[in-house]
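S.K.: Chain order of the listed sequences is L and A.
FYI, the numbering for the first sequence is 0 to 322, going by numbering that gives the first Met the number 0.
FYI, the numbering for the second sequence is 0 to 257, going by numbering that gives the first Met the number 0.
No lab work stands behind these hints, which were simulated from the structure alone.
Mixed in with the good hints, there may be bad ones.
Claimed, not checked - Facing chain L, a subset of chain A residues (Cβ under 8 Å, in silico): (1) E122; (2) S201; (3) M209; (4) H217; (5) A227.
Note that the structure is predicted; figures quoted are calculated from it, not measured.
Just so it is clear, CB atoms sit at the ideal spot from N, CA and C, and this is done for glycine as well.
Here are the chains, one letter per residue:
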Amino acid sequence: MQTLISHSERDYILHGVESNLRADGRGRLDYRQVTFETGLISQCSGSARCRLGEGTDVLVGVKVEIGQIEVDGAEEVVNDKKAKRGRVVCNVECSPIASQQFAGRGAEDYNNELTQIMELIFNGPQAGIDLEKLCIVPGIWRDVIHYNIVVAHNRYHAEQVLDYAGNILDTIFLTTRAALYNTRVPKTIVQEVEGMMEIEVLDDVQEAERIVGWEQIPIAVTLNKIGSRHIIDATPLEELATEAKLLVSVNKQGKICGMQKSGEGSIEPSLLNEMIQTGRTIGQKIIEAFDVRLREEEVESLKSSSRGGGQINIQKLGFFAAT
Amino acid sequence: MDRRRIPGPETSVSPIIGRSEGAKEIPVLDKDDKRHDGRKAEDIRPIFLKTGLITQANGSAYIELCETKIACAIYGPRQTKLPAFSGKGNLNCDFKFASFSCAKRRSNHRDPQEKEFSQLLYEALAPSLRLDLLPKSTIDVYVSVIQNDGTASCLAAAITCASMALTDAGIEMVDQVAACAASYINDEIFIDGDFFEEQRESGSIILSYMPSLNEITHIIQSGEVDVAVTSQAVELCIDVCSKIYSVMRHSLLESVKK
Chain L
0 MQTLISHSER
10 DYILHGVESN
20 LRADGRGRLD
30 YRQVTFETGL
40 ISQCSGSARC
50 RLGEGTDVLV
60 GVKVEIGQIE
70 VDGAEEVVND
80 KKAKRGRVVC
90 NVECSPIASQ
100 QFAGRGAEDY
110 NNELTQIMEL
120 IFNGPQAGID
130 LEKLCIVPGI
140 WRDVIHYNIV
150 VAHNRYHAEQ
160 VLDYAGNILD
170 TIFLTTRAAL
180 YNTRVPKTIV
190 QEVEGMMEIE
200 VLDDVQEAER
210 IVGWEQIPIA
220 VTLNKIGSRH
230 IIDATPLEEL
240 ATEAKLLVSV
250 NKQGKICGMQ
260 KSGEGSIEPS
270 LLNEMIQTGR
280 TIGQKIIEAF
290 DVRLREEEVE
300 SLKSSSRGGG
310 QINIQKLGFF
320 AAT
Chain A
0 MDRRRIPGPE
10 TSVSPIIGRS
20 EGAKEIPVLD
30 KDDKRHDGRK
40 AEDIRPIFLK
50 TGLITQANGS
60 AYIELCETKI
70 ACAIYGPRQT
80 KLPAFSGKGN
90 LNCDFKFASF
100 SCAKRRSNHR
110 DPQEKEFSQL
120 LYEALAPSLR
130 LDLLPKSTID
140 VYVSVIQNDG
150 TASCLAAAIT
160 CASMALTDAG
170 IEMVDQVAAC
180 AASYINDEIF
190 IDGDFFEEQR
200 ESGSIILSYM
210 PSLNEITHII
220 QSGEVDVAVT
230 SQAVELCIDV
240 CSKIYSVMRH
250 SLLESVKK
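Work out the full structure, taking the sequences as your base and the hints as a guide.
M.R.: Take a look at the structure:
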């Protein structure tokens, strides 16, 4: 999985970053253009595809499923809370078609790493999603046998990376936000028949609801430390010249929802603080701009579907479509 | 699933472990600003640290923070078995929870969390080592958690312990790595939280730091936290890491004296 970079290439990037002019003409804190589309996959409860610049292409599918909540060996006070919540399961897969890096067993570790970061941020209150709303039947406590069976909507994301031009994680988070905006949770009816719980899922699209709290879903900004400076939205070559990466996840309010360093280098405390601040300001700006476009896109697709008499005839760009 | 083991019935549900009858909620901070084990919010648990306990290993260390017990062994540097050439030494980290170490039995296979921790361990230790001096070689770092009392603090202790073991093995490094974890409970920072506090936290931070070089080798944070609180936690953790560093230094000197 190791890819190499020559000394002169590394030097070129380092000097470019130093003088605030990168190989593609961007400054240190400039983002590439983002193209996205929602609702491409009919089998999913919600989906989105996002393309960053001319490269990185991420497809996110969200499935809302019914499942049981596992309650592990925790104390009762804590379990009580857990029993009332739905769950989010993330899975990231980098397709080997996207880059040579993702072929073979090396990709497995990388997929696991990305999945763990997603889980770190999406599994908890910081994800913003109202998990209690996703619970269908809360656990009945003080049962005779001390069992606790909980039925809840299980949310399941699956991310697929289709093309690679650096900065995967930021793109994954953006696409996930779009896909969750697009997601509709089907309505369920619970009936008690002879002491047994029966759950009916309504197929009606009109009845399906949007996820409560989607506005609070965080996105992430990856900051790459090159030399004594840091840049955002790195290309693959710049990623190879990066000493240390810091992923800062922020929500609309500018609160930090997760942070992780990766890479082989170290960061000085003062630079770390600066990076967190940069990540936060840029993250908030991105969310703002992204939300405007999300809403616009939805209005557009609603318009065209009403014109077509219920039939959706909007032209989707489809996969691998650039600007 | 492990086929060699006898599985339970398909419909079985895992039991609830922990207090039940007459359970009373203990506050995380009592009226004297003390935690449930008598510490203050910025205090760490007492550390026991010793090197060279595993005879077969090139270097080893054992760390104990009250109920958290971790052993680490280093094998190598030895020749890399992979056919590909690498100009830098290969640091291979293997983090393992013993199946009896947690409240719930852990599988004897490596689960995704252990894989993640192995990766984090690598990222925390790699900046401190002169791997460029060891081309074509591999260093194996094996961490075994014997008892786990708070997963975040467990990882932090493992990083400290592994750095000690690497020093014991005589591997060239720029500095030792000390690591420290903290829990966020109601926007307050609790350094070195144990299992009790971890159950109640809204987020956590793990920071690894090289005290003499003043550089952060790794940081990971979860939960929704204000930027100001994060900066405060980073500063606190750095202070605590310096304290842990003095314990590490003391323990190293002790090991040389014998």
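S.K.: For every hint, state whether the structure bears it out.
M.R.: Okay, the hints, checked on the actual structure:
no.	hint	in the structure
1	E122	holds, 6 Å
2	S201	holds, 7 Å
3	M209	holds, 7 Å
4	H217	holds, 5 Å
5	A227	violated, 10 Å
In terms of the numbered hints stated before, the structure departs from hint 5 and from no other.
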